[in-house]
Amino acid sequence: MDGHDGHDRHGWDGDLVAIMERLGAGDEAAVVTLYERYGGPIAAAVQRVARQRRRTLDRDDLDGMVFEVCDELATIAHRWSPDGGALPWVWARHRVANVVDRVLGQWCEPLDDQRALTTEVVPAPAPVAGPARGSMLDALGSLVPDLASARLLAEALDHERISPRDRELWLEYSFEKHSGNASPAATVAPVFGMKEVSVRQAARRARQRLVRLAASNERFAPLADLPLLA
Amino acid sequence: MTGPIGPIGRDPRSGGVTERRAASRARHPTARSWSPDRARVLARLADRAQARGAPWPRVAAAVLLLRGVAGDEPAAFAARAGLSPGALARLERGLDPPEAVPALLRTVPGLVDWVWVEETPPGPSP
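Line by line, the protein sequences give chains D and L.
Here this note's numbering is used: the first residue of the first sequence is 1, the next is one more, and so on.
Here this note's numbering is used: the first residue of the second sequence is 231, the next is one more, and so on.
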């Protein structure tokens, strides 16, 4: 699997592929190898889940969870393939989340007491004067939950060298789609002077590139949780 | 094997790629805040071997840890340690006492607390 530079033909770290093959074959020592060599990124994946649960892990919890994740990956290693394009702990992110939840306890969104106890009908906000259509940034703000995610998404768009037009198009298309528009391509096509089919294709291409990036690059993995890429 | 366990992972075809990769990983931000807790790993491996009924669970844990850190397959590790594959398998299953561990493995510094391994009370009879 290794090439001369230590990477296989898919650009994978041949070391990781070999470890996963050993794990898949039931080699118990390979769990230690995975823990030793990839504990850092696995710890980052664990911490990301903990942050989503709004919890802070101490060193002891984190160490224990990293080894448990390695154990968990051992049980499914035979199903992982580098051809899928995702790092094992990104590919198995739900398993990672299960490990974290087992230690932290079942997680749920806390109830907003203020909202739950309100019985008054809140009037809808007055329409804001301005352009009839929101800008790309407006669309971005409504589809990503926080500023950090928006920054990461903007960085991912740069990383993938998605053209300014396709960015605008994909965000407008996604905004319409997530707003409940049953025919987002029909709405967006006239804005860009394109056919509907071309809009759908361009939007799909942009989304697929970002999904692949989130699955293959640890730095952009949090994007996989955005509704925008679901 | 005369030096520390790290270089065992070298891939002879790649001319030091393993070391370069390890150095790159060590520089990565995700690695700076985390380092392996080998005492915990040893304890987990020993618990597991004990649950399987191994008479010498800490021996199993120590040998598995050393091979895991080295990143070797069983045959390669056995050859380096001067063991037959069968003898290595017995050690990894915790079937043999600490005295059966080759001196070469005991001299690997900083990975295994051999006093802890030798404190192992014998478990069920093999």
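It is worth saying that the hints were derived from the structure and are not from the lab.
Since we're looking at a predicted model, the values are computed, not measured.
The C-beta atom is built at its ideal place from N, Cα and C for all residues, glycine as well.
Take the hints with a grain of salt, since some may be wrong.
Partial pick of chain L residues on the chain D-facing surface, computed with a CB cut under 8 Å [said to hold, decoys possible]: (1) Pro266; (2) Val271; (3) Arg282; (4) Val299; (5) Gly301; (6) Arg310; (7) Leu318; (8) Arg320; (9) Asp343; (10) Trp344; (11) Val345; (12) Glu349.
Hint-by-hint comparison with the structure:
1. A hinted interface residue such as L/Pro266 counts as satisfied when its beta carbon comes closer than 8 Å to some beta carbon of chain D; here the least separation is about 5 Å, so the hint holds.
2. Hint status for L/Val271: holds, given a least beta-carbon distance of 6 Å to chain D, under 8 Å.
3. The restraint placing L/Arg282 at the interface with chain D is violated, with a minimum CB-CB distance near 11 Å, outside the 8 Å limit.
4. Contact between L/Val299 and chain D, as hinted, is supported at the beta carbon level, the nearest pair being about 6 Å apart and thus within 8 Å.
5. The interface hint given for L/Gly301 is met, as the beta carbon of that residue sits about 5 Å from the closest beta carbon of chain D, less than 8 Å.
6. Of the supplied interface hints, the one on L/Arg310 is violated, with its beta-carbon coming no nearer than about 13 Å to a beta-carbon of chain D, more than 8 Å.
7. Interface hint status for L/Leu318: violated, as the beta-carbon distance to the closest one in chain D is roughly 10 Å, over 8 Å.
8. Checking L/Arg320 against chain D by beta carbon gives a least distance of about 14 Å; that is not within 8 Å, so the hint is violated.
9. Contact between L/Asp343 and chain D, as hinted, is not supported at the beta carbon level, the nearest pair being about 16 Å apart and thus beyond 8 Å.
10. Because the beta carbon of L/Trp344 sits about 17 Å from the nearest beta carbon in chain D, more than 8 Å, this interface hint is broken.
11. With its C-beta approaching chain D no nearer than about 21 Å, L/Val345 sits outside the 8 Å limit, and its interface hint is violated.
12. The criterion of a C-beta within 8 Å of any C-beta in chain D is not met by L/Glu349, whose closest approach is roughly 21 Å, and the hint is violated.
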